[in-house]
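Enquirer: Please arrange chains B, C and D on chain A, whose structure you already have, making use of the hints.
There are 4 protein chains.
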Amino acid sequence: MARKVNLNADMGEGFGAYDIGNDTTLLDIITSANVACGFHAGDPNVMDRVCKQAKAKGVSIGAHPGFNDLWGFGRRMISMPAGDVERMVIYQIGALQGIAVANGMAVTHVKIHGALNNMAALDLDLAMAIAHGIKAIDPNLIFLVPTGSELITAAQKTGLPYASEVFADRTYTDEGDLTPRSRPNSMVHDPNEAVARVLHMIEHQEVVSTSGKHVQAQVHSVCVHGDGPTAVQVSTAVRRGLEAAGVSVVPLPELTLS
Amino acid sequence: MARKVNLNADMGEGFGAYDIGNDTTLLDIITSANVACGFHAGDPNVMDRVCKQAKAKGVSIGAHPGFNDLWGFGRRMISMPAGDVERMVIYQIGALQGIAVANGMAVTHVKIHGALNNMAALDLDLAMAIAHGIKAIDPNLIFLVPTGSELITAAQKTGLPYASEVFADRTYTDEGDLTPRSRPNSMVHDPNEAVARVLHMIEHQEVVSTSGKHVQAQVHSVCVHGDGPTAVQVSTAVRRGLEAAGVSVVPLPELTLS
Amino acid sequence: MARKVNLNADMGEGFGAYDIGNDTTLLDIITSANVACGFHAGDPNVMDRVCKQAKAKGVSIGAHPGFNDLWGFGRRMISMPAGDVERMVIYQIGALQGIAVANGMAVTHVKIHGALNNMAALDLDLAMAIAHGIKAIDPNLIFLVPTGSELITAAQKTGLPYASEVFADRTYTDEGDLTPRSRPNSMVHDPNEAVARVLHMIEHQEVVSTSGKHVQAQVHSVCVHGDGPTAVQVSTAVRRGLEAAGVSVVPLPELTLS
Amino acid sequence: MARKVNLNADMGEGFGAYDIGNDTTLLDIITSANVACGFHAGDPNVMDRVCKQAKAKGVSIGAHPGFNDLWGFGRRMISMPAGDVERMVIYQIGALQGIAVANGMAVTHVKIHGALNNMAALDLDLAMAIAHGIKAIDPNLIFLVPTGSELITAAQKTGLPYASEVFADRTYTDEGDLTPRSRPNSMVHDPNEAVARVLHMIEHQEVVSTSGKHVQAQVHSVCVHGDGPTAVQVSTAVRRGLEAAGVSVVPLPELTLS
Chain A
1 MARKVNLNAD MGEGFGAYDI GNDTTLLDII TSANVACGFH AGDPNVMDRV
51 CKQAKAKGVS IGAHPGFNDL WGFGRRMISM PAGDVERMVI YQIGALQGIA
101 VANGMAVTHV KIHGALNNMA ALDLDLAMAI AHGIKAIDPN LIFLVPTGSE
151 LITAAQKTGL PYASEVFADR TYTDEGDLTP RSRPNSMVHD PNEAVARVLH
201 MIEHQEVVST SGKHVQAQVH SVCVHGDGPT AVQVSTAVRR GLEAAGVSVV
251 PLPELTLS
Chain B
1 MARKVNLNAD MGEGFGAYDI GNDTTLLDII TSANVACGFH AGDPNVMDRV
51 CKQAKAKGVS IGAHPGFNDL WGFGRRMISM PAGDVERMVI YQIGALQGIA
101 VANGMAVTHV KIHGALNNMA ALDLDLAMAI AHGIKAIDPN LIFLVPTGSE
151 LITAAQKTGL PYASEVFADR TYTDEGDLTP RSRPNSMVHD PNEAVARVLH
201 MIEHQEVVST SGKHVQAQVH SVCVHGDGPT AVQVSTAVRR GLEAAGVSVV
251 PLPELTLS
Chain C
1 MARKVNLNAD MGEGFGAYDI GNDTTLLDII TSANVACGFH AGDPNVMDRV
51 CKQAKAKGVS IGAHPGFNDL WGFGRRMISM PAGDVERMVI YQIGALQGIA
101 VANGMAVTHV KIHGALNNMA ALDLDLAMAI AHGIKAIDPN LIFLVPTGSE
151 LITAAQKTGL PYASEVFADR TYTDEGDLTP RSRPNSMVHD PNEAVARVLH
201 MIEHQEVVST SGKHVQAQVH SVCVHGDGPT AVQVSTAVRR GLEAAGVSVV
251 PLPELTLS
Chain D
1 MARKVNLNAD MGEGFGAYDI GNDTTLLDII TSANVACGFH AGDPNVMDRV
51 CKQAKAKGVS IGAHPGFNDL WGFGRRMISM PAGDVERMVI YQIGALQGIA
101 VANGMAVTHV KIHGALNNMA ALDLDLAMAI AHGIKAIDPN LIFLVPTGSE
151 LITAAQKTGL PYASEVFADR TYTDEGDLTP RSRPNSMVHD PNEAVARVLH
201 MIEHQEVVST SGKHVQAQVH SVCVHGDGPT AVQVSTAVRR GLEAAGVSVV
251 PLPELTLS
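Protein chains in written order, with this note's numbering: chain A, 1 to 258; chain B, 1 to 258; chain C, 1 to 258; chain D, 1 to 258.
The following block holds chain A by itself, in its conformation from the complex (with noise of 0.2 Å):
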């Protein structure tokens, strides 16, 4: 069995007055933390505070970028040339490392958010913008790439060093991919059974679809989250789980990636 992995979530989604998710206590659980960098959510003062945070609990951090949509948290798809969104993360990875510099800190992962990162999976020239994108401001960045996507291809094309993740409260589909939201079974929300799960990917990389199949699977990150009701449960049943079974849970860059 994998003696490391990753826990990783997204992190710093507020912006203004408003606060979302639980990123205090999410950060006692996981080791990498994905930073939203002012476009989809968060502004500098959050990603400031979540690096101080991160920084203070040995958890490493990485940009977030998504879509220029406050409004729609980076939740809706944008139709935009490929151009414009490998500038576009550009911009943003470059904002974080600015306030993560300003700490003392270094960003060492991008992950894509939302719906850019649902339309990169499937979307091969979109997925290579955005590896080129990452590539050009510092080749060193791990990619955090959803298992089975187009993004995969693009890191490997590319040569970006890059972690695979599965969710721990989400359900896969015969083509391992994840379940819509809108289906009923889209969601695991019992602590023991996310558990279940995420030992069995990472014991057998693989992911079990609802109807049962198993799709082979890169498993070197599990994302958890911190909002909805049974989140924080979750997530800390999956640390808790890895740790009891042996599995070492680490920043991503102590990781041994391809």
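Hint data in this document are derived by calculation from the structure and do not stem from the laboratory. Among the hints, erroneous ones may be present.
What the hints assert, rightly or not - When the alpha-carbon atoms are kept at most 27 Å apart in a straight line, the in silico DSS-like pairs for lysine-lysine are as follows:
1. C:135 with C:157
2. D:135 with C:57
3. D:52 with C:135
4. A:52 with B:157
5. B:57 with A:135
6. B:135 with A:52
7. C:135 with D:55
8. B:52 with A:157
9. C:52 with D:157
10. B:157 with B:4
11. D:57 with C:135
12. D:55 with D:157
13. C:55 with D:135
14. B:55 with A:135
Expert: Chains B, C and D only, in chain A's frame:
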């Protein structure tokens, strides 16, 4: 007479479908460009385009952070805690650094935009917050500041290298400040007059007020503009006048600064 | 003692994925809702939801225009020409009127939000611009204003009907202004104390300052809040206390105003 | 031949310091203005200025709602629930109604902008949501729609009065749709050709495709533009050509519509 001086202008102030200024023309005249960073103006596409053009023409680039106020173009005063301003400035510098690095360039200076520059010129707390922000992200960044302002004090207190600028097309009060735009004699529209004034300011390291008073001023850089009916003529004349007088017009990093 | 008083609260201050306040709870307590109009907070979906709920509960609605400053939640002072403020207020009132009409409702009052309200309370030019804007769009709109402010003067000069409000959970200075939030005694957290204060203000048409001074004040409406640890308890107690004292708590259009 | 036709153009697409288009020139040519409402372009100042100019020149005004996407100028497709679109359209119409009423004017039509118009032209659900929104705020608003689109179906189903428009400077496909801008023959730059085409479309109530096919089309209004190198010449020629042919060019409310 000073053998070297810098010529700077604000650049990249378009946004999406909107264009403003005469970037391409001005980039043949100036030696340092202050690039809007997406808060008061500018977007990742515009920033990238200015970087590429500046690189091709040997023009050094700096960040030009402003208030997050596209509607007001950064010209409206906004009351903000100094710490928020510090983080907002860091964010914008980082964003431009990202775009610059992706183009194989480096950001070498910072000039604050519009209302924030005017406010910090008179408010040492705000000026110190900005200087601390700049220093935290890169202590080698040259801080381009108005003559005689609290921003110079802040640069000196934090140990940031700074360059002091005068305006080719604006007049000065007896206190050495810019004559407010609301007054009829605030602007210099005649190219020959502008050249004579600039040469005087460089030779004597002083500004001459509208009432004839001589006010000592460090003159490392001269700011020119691209908008307004006479701006390009004035800017072109200043560049030619400096060269005719044997003054070397150089990018900011080639100046010898205190 | 006044037989009728209004209870108002700010509503609809969420935005997209962000929620804030306790709209649903407060709508059972208040009789008039000040609805954010999308500039400092709020969006078409939130506005529509508040309108529908207010209609179901017999709560009258008013526009709550603020600065176009979502990041600062309308709490940052922004320097704007008075004419720009006038048009910005008209725009926001019109937007809410659109949502209201589509729900078979009418906007019956206007209360200005945050920093703009505070600025206009002290600046007659700004107050007049706002009053002119309100009158131009609908001269029957009730202008809900702080006691003793220039906004009352502006309402009187333009002939707008106005209602003067006091705060249930805030204390007052000897000048009859709100004690700044930065001072320790600015807030009233105890429900019983709040009720006693409100009943006194209504009965005597005066506020009592923290030093004990009595300052004359028209009290047409009492403002309550939904955020903060004790806000809902205080608001609930005030509503019950008013009813227990035989004061009729009515929507703004049911008040008899000068 | 139709004795009456309308000429319309998009107006008020500036924002803050940014100007775009040739509003003042076009207002002497057209008889109805589609006014941007602050989401894809426009702001309260621009909207007010266009209203005042339109009033002075006898040009009727309509709301021109678009996606909330200033960066993309409303030209990027954004995936939104139909209900969100409905409320977003109502908000924007209401905002312009507010500015119009403050100027003693009325909004008499609605034309949807850019990507949202293109999407709704093909998607009846979206078209119905928009039509419902318009009807809810004012059932007398004239819905200005592209010939042969689902927006006409939606207008008919909801009973909204509608006017069908053709473009003076664009060509058509065999399906009666606009030739995509990406194709070389999508635009008509020659003023004489534009006039001939427009007169043919009005006389025969049909468009002629680039391959010569005749496609039936209701022609109540002709859309002209103010941007692009030949737009003003084409627009001017069309106005003159219509008048020379004895066609009365009128504001939308003066048309006889089904």
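Enquirer: Run every hint past the structure and note whether it holds.
Expert: Do the hints match the structure? See the list:
Distance restraint check for residue 135 of chain C and residue 157 of chain C: the Cα-Cα separation of roughly 11 Å lies within the 27 Å cut-off, and the hinted pair is therefore satisfied. Distance check on the hinted pair: residue 135 of chain D and residue 57 of chain C sit about 25 Å apart at the alpha-carbon level, within 27 Å; holds. A threshold of 27 Å between alpha carbons decides the hint, and for residue 52 of chain D with residue 135 of chain C the separation of about 18 Å falls inside it, so the pair holds. The straight-line distance between the Cα atoms of residue 52 of chain A and residue 157 of chain B is roughly 25 Å, inside the 27 Å bound, and the hint therefore holds.
Our distance criterion of 27 Å between C-alpha atoms is met by residue 57 of chain B and residue 135 of chain A, whose separation comes to about 25 Å. With a C-alpha separation of about 18 Å, the suggested pairing of residue 135 of chain B with residue 52 of chain A holds against the 27 Å cut-off. Between residue 135 of chain C and residue 55 of chain D, the direct Cα distance comes to roughly 20 Å. Compliance with the 27 Å bound is thereby established for this hinted pair. Our distance criterion of 27 Å between C-alpha atoms is met by residue 52 of chain B and residue 157 of chain A, whose separation comes to about 25 Å.
Straight-line distance between C-alpha atoms of residue 52 of chain C and residue 157 of chain D comes to about 25 Å, which keeps the hinted pair within the 27 Å bound. Distance check on the hinted pair: residue 157 of chain B and residue 4 of chain B sit about 25 Å apart at the alpha-carbon level, within 27 Å; holds. Restraint check for residue 57 of chain D and residue 135 of chain C: the C-alpha separation of about 25 Å stays at or below 27 Å, so the hint holds. This hinted pair does not check out: residue 55 of chain D and residue 157 of chain D have alpha carbons roughly 32 Å apart, beyond 27 Å.
Straight-line distance between C-alpha atoms of residue 55 of chain C and residue 135 of chain D comes to about 20 Å, which keeps the hinted pair within the 27 Å bound. At roughly 20 Å between alpha-carbon atoms, residue 55 of chain B and residue 135 of chain A fall within 27 Å of each other, so this suggested pair holds.
Going down the numbered hints, you'll see the structure goes against just number 12.
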